Amino acid sequence: MSKLPLEGIRIADFTQVVQGPYATMLMGQMGAEVIKVETESRTAMDQRMAGAFTNLNGSKKSITINLKDPRGADVAKRLVKASDVAMENFATGVMERFGLGYDDLRQVKPDIIMLSSQALGRTGPMKDAIGYFAEASNFAGFSHLTGYREGRPGMVGAIWADHLTGMHMIFAILSAIRHHRRTGEGQYIQMSMAETVISAIPEAILDYSVNGRDRGREENLDVAMSPHNVYRCQGFDKWVAIAVTNEEEWLALCNATGHPEWADDPRFADSLSRWHNQAELDKLITEWTLQRTDYEAMHALQAAGVAAGPVLDGGGLSDDPHLNERGSFVPVGVLEDKPFSQIAHPWRMSNSPTPYYAVAPSLGEHNRHVLEDILGMTGEEIDLLTAEQVLV
Amino acid sequence: MADSALSGLKVVELGDFIAAPYCAKLMADMGAEVIKVEPPGGDSARRYGPFPNDEPHPEKSLLFAYVNTSKKGVTIDVGKPLGKRVFLELLKDADFLVEANPPKAMEELGLDYNSVKGVNPGLIVTSITPFGQTGPYRDYKATELVSFHIGGIGYPTPGDVDNPDASPPMKAPGHQADIMAGVTAAAASMTALFAREFTGEGQHVDVSEQDALLRASGNAVVSHMHRGETPSRIAGVGRPIATRKPLPTKDGYFTAQFFMDHFWEALKDVLGHPDWMEQEIFADRMMRMENLDVIQLMVEEWSKDYTREEVYHILQVENHIPCLPINTMADLFVHPHYVERGTFVDMEHPEIGRFQSPGPSYRFSGTPWNASIPAPTLGQHNIDIICDRLGYSREDLARMRRSGAV
Numbered sequence: 001m002s003k004l005p006l007e008g009i010r011i012a013d014f015t016q017v018v019q020g021p022y023a024t025m026l027m028g029q030m031g032a033e034v035i036k037v038e039t040e041s042r043t044a045m046d047q048r049m050a051g052a053f054t055n056l057n058g059s060k061k062s063i064t065i066n067l068k069d070p071r072g073a074d075v076a077k078r079l080v081k082a083s084d085v086a087m088e089n090f091a092t093g094v095m096e097r098f099g100l101g102y103d104d105l106r107q108v109k110p111d112i113i114m115l116s117s118q119a120l121g122r123t124g125p126m127k128d129a130i131g132y133f134a135e136a137s138n139f140a141g142f143s144h145l146t147g148y149r150e151g152r153p154g155m156v157g158a159i160w161a162d163h164l165t166g167m168h169m170i171f172a173i174l175s176a177i178r179h180h181r182r183t184g185e186g187q188y189i190q191m192s193m194a195e196t197v198i199s200a201i202p203e204a205i206l207d208y209s210v211n212g213r214d215r216g217r218e219e220n221l222d223v224a225m226s227p228h229n230v231y232r233c234q235g236f237d238k239w240v241a242i243a244v245t246n247e248e249e250w251l252a253l254c255n256a257t258g259h260p261e262w263a264d265d266p267r268f269a270d271s272l273s274r275w276h277n278q279a280e281l282d283k284l285i286t287e288w289t290l291q292r293t294d295y296e297a298m299h300a301l302q303a304a305g306v307a308a309g310p311v312l313d314g315g316g317l318s319d320d321p322h323l324n325e326r327g328s329f330v331p332v333g334v335l336e337d338k339p340f341s342q343i344a345h346p347w348r349m350s351n352s353p354t355p356y357y358a359v360a361p362s363l364g365e366h367n368r369h370v371l372e373d374i375l376g377m378t379g380e381e382i383d384l385l386t387a388e389q390v391l392v
Numbered sequence: 001m002a003d004s005a006l007s008g009l010k011v012v013e014l015g016d017f018i019a020a021p022y023c024a025k026l027m028a029d030m031g032a033e034v035i036k037v038e039p040p041g042g043d044s045a046r047r048y049g050p051f052p053n054d055e056p057h058p059e060k061s062l063l064f065a066y067v068n069t070s071k072k073g074v075t076i077d078v079g080k081p082l083g084k085r086v087f088l089e090l091l092k093d094a095d096f097l098v099e100a101n102p103p104k105a106m107e108e109l110g111l112d113y114n115s116v117k118g119v120n121p122g123l124i125v126t127s128i129t130p131f132g133q134t135g136p137y138r139d140y141k142a143t144e145l146v147s148f149h150i151g152g153i154g155y156p157t158p159g160d161v162d163n164p165d166a167s168p169p170m171k172a173p174g175h176q177a178d179i180m181a182g183v184t185a186a187a188a189s190m191t192a193l194f195a196r197e198f199t200g201e202g203q204h205v206d207v208s209e210q211d212a213l214l215r216a217s218g219n220a221v222v223s224h225m226h227r228g229e230t231p232s233r234i235a236g237v238g239r240p241i242a243t244r245k246p247l248p249t250k251d252g253y254f255t256a257q258f259f260m261d262h263f264w265e266a267l268k269d270v271l272g273h274p275d276w277m278e279q280e281i282f283a284d285r286m287m288r289m290e291n292l293d294v295i296q297l298m299v300e301e302w303s304k305d306y307t308r309e310e311v312y313h314i315l316q317v318e319n320h321i322p323c324l325p326i327n328t329m330a331d332l333f334v335h336p337h338y339v340e341r342g343t344f345v346d347m348e349h350p351e352i353g354r355f356q357s358p359g360p361s362y363r364f365s366g367t368p369w370n371a372s373i374p375a376p377t378l379g380q381h382n383i384d385i386i387c388d389r390l391g392y393s394r395e396d397l398a399r400m401r402r403s404g405a406v
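Chains as they are written, first to last, in my numbering: chain A, 1 to 392; chain B, 1 to 406.
Some hints could be false.
Unchecked claim - Subject to a maximum C-alpha distance of 27 Å in a straight line, what follows is the list of computed DSS-like cross-link-like pairs (lysine-lysine):
#1 250/B - 127/A
#2 104/B - 141/B
#3 104/B - 127/A
Don't read these hints as lab results, they were simulated from the structure. Bear in mind the structure is a predicted one, so any value in this text is a computation, not a measurement.
Construct the complete structure from the given sequences, taking the supplied hints into account.
What follows is the structure in structure tokens.
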């Protein structure tokens with residue numbers, strides 16, 4: 001019980017914005033030693049607003065290195081030499097310009113595991129394109145499928161592509177470390193956020209690939225299930241999601257809503273009839289949901305064995321009794337004079353210690369510790385490089 | 001090529017549809033041996049399309065074919081004593097059980113973690129459920145729609161809405177909650193493997209879809225906790241997370257990021273330094289974010305006279321502004337970038353034939369990724385696994401079949 005699963009793994013973290021920082025933070029919570037390499041001039045990318053920054057950079061150490069200075073790049077190489085993993089998500093070619101590309105890092109640490117992730121990857125005619133989650137989702141066809149049927153495409157209201165890519169990164173890195181432990185070999189892992197998104201929408205991709213059909217935007221509807229939608233409840237902009245997957249659940253819904261007669265209505269008699277008449281059915285269900293709060297509707301339907309749940313916003317998540325009872329918000333300290341709760345690690349382990357939670361480090365907080373204790377630099381060396389704007 | 005990264009690892013999958021199968025697919029394509037256990041009636045993804053030419057057939061579901069590559073398939077009814085016995089024998093030398101069943105059902109079957117660890121103390125059991133193994137909703141049901149919305153991603157989707165009653169919260173395309181839960185479970189399973197190196201023991205890993213989505217909703221939660229703002233799909237309410245609005249061109253849409261200092265300066269060059277860009281309301285990054293609707297409206301006036309390709313070229317290639325076109329399905333398969341990268345791989349399936357499918361989410365220089373072994377047909381490996389591996393005779397297998405256990 002004493003050790004966290006990833007203890008002993010050191011990650012030189014050159015990533016920024018969301019996907020990379022998210023991945024390394026989760027590995028830090030699992031015990032990896034994550035050393036975030038930052039530069040004063042780059043902080044705007046990471047939105048050093050306290051809450052948002054800790055949300056993606058807790059459980060790490062921070063050192064500042066000006067990578068554009070060859071002496072800074074040299075310090076970075078020493079860090080990589082002392083690490084098991086190096087990760088970066090600069091635009092294609094930036095690490096090479098710093099002299100920190102895979103071929104450079106392999107010289108100082110032949111068995112390094114390096115991961116690079118770019119919006120569209122490091123090869124192909126558009127390898128230099130820069131973009132964030134929205135742009136990667138566009139290029140993957142995902143945005144085309146998002147939103148309302150009429151009008152423009154829409155955007156998923158979360159930094160979805162980054163979190164999805166970040167989670168794939170963790171699986172990729174841990175797979176590579178497993179290989180390293182068996183063979184002593186490192187390797188280079190390349191990712192493209194757009195391709196990760198493509199791999200996550202197989203239904204639409206394969207329907208086009210095989211049938212030549214572009215599904216377009218399916219909104220909240222399912223290809224076969226009905227009822228299957230979100231329904232207005234009491235209160236401003238409150239909704240409950242309801243999905244009926246079979247006849248047994250359909251009868252349960254009719255009874256739970258006090259409308260056993262719906263089951264005998266020829267418009268709703270079987271799943272196919274319901275699917276074709278779902279607009280009318282949704283109106284009837286809305287008459288029931290409008291009399292209730294989103295949570296009342298959920299509990300009533302779940303008690304009858306029907307899948308239902310409130311549509312939660314940021315505040316709704318924070319207040320959700322289930323998430324709170326599961327310990328999904330963890331107090332980690334004080335930020336800007338307010339107590340701060342970190343969102344819990346996304347999985348629970350029965351036989352490992354509690355994840356390591358800590359607020360995000362301040363810029364360069366661990367310069368001395370990392371440079372002296374890990375890289376063996378002397379105090380004079382550090383003072384000189386700091387004075388000459390290399391370690392900032 | 002060297003050994004696969006996960007070769008030598010054994011995974012037993014007792015899930016259904018997408019989340020658990022996707023987790024096990026990620027591991028299988030990376031070289032783990034995955035034995036997929038289906039009920040004799042088959043995985044529900046076999047009944048869920050799309051199907052070639054819309055002809056439903058249990059061996060032709062494209063979704064099933066995609067999330068079950070590189071696996072061996074056996075049919076076992078774990079609800080029957082004999083089926084349970086065979087299933088437990090499979091677990092004896094497995095490293096992982098990846099399962100996605102209601103916690104109560106696993107307890108009733110005697111297959112919950114505490115029951116199966118006696119068979120194999122090193123076994124890592126990764127359970128994927130809508131709400132996790134604890135808490136008041138533990139036994140509640142969910143589907144993709146419910147998980148997505150109770151995970152907080154649907155409320156602010158798709159943004160830029162004027163009348164919220166007429167424009168409800170939207171789920172994302174496909175099965176994003178299931179996919180996210182699946183890859184989370186794969187990362188979690190690998191983490192537990194490292195823990196086993198310290199302890200020699202397996203453990204129970206609890207993956208809740210709601211928790212996995214909560215993490216991806218992090219910015220909304222932080223925004224609420226720290227600024228009292230809740231991001232919303234309603235225009236002008238809360239600070240949006242997805243700040244970009246798709247803007248029109250002659251032949252489709254694109255998005256671009258304009259509010260960062262250097263992108264804003266580049267945009268001035270593109271638009272020829274018009275007076276409106278010098279107004280006080282666009283003086284800094286935060287103010288530009290606040291007034292993004294105005295900026296986007298003005299850019300739209302400019303972009304509507306160009307094609308997507310022209311807009312991409314002017315903004316991204318010439319002026320280094322993050323900008324990419326919104327591709328349709330038809331654009332993807334012929335795009336020179338994807339063609340040159342080999343983004344889509346050829347799959348050869350005995351019933352479906354040859355088709356193009358999404359390739360890997362990562363490319364490893366030293367170890368292979370291989371999804372060329374097609375998803376198993378129903379019970380395809382019953383003889384290989386139950387007879388050749390576990391040592392039952394063909395006659396016994398026939399007896400099991402007759403009893404409905406396999």
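Structure-based check of all given hints:
Restraint check for residue 250/B and residue 127/A: the C-alpha separation of about 25 Å stays at or below 27 Å, so the hint holds. About 12 Å separates the Cα atoms of residue 104/B and residue 141/B, which keeps this hinted pair within 27 Å; it holds. Taking the CA atoms of residue 104/B and residue 127/A, the gap is near 49 Å; set against the 27 Å cutoff, the hint is violated.
Violation of the numbered hints given earlier is confined to hint 3; every other hint is satisfied by the structure.
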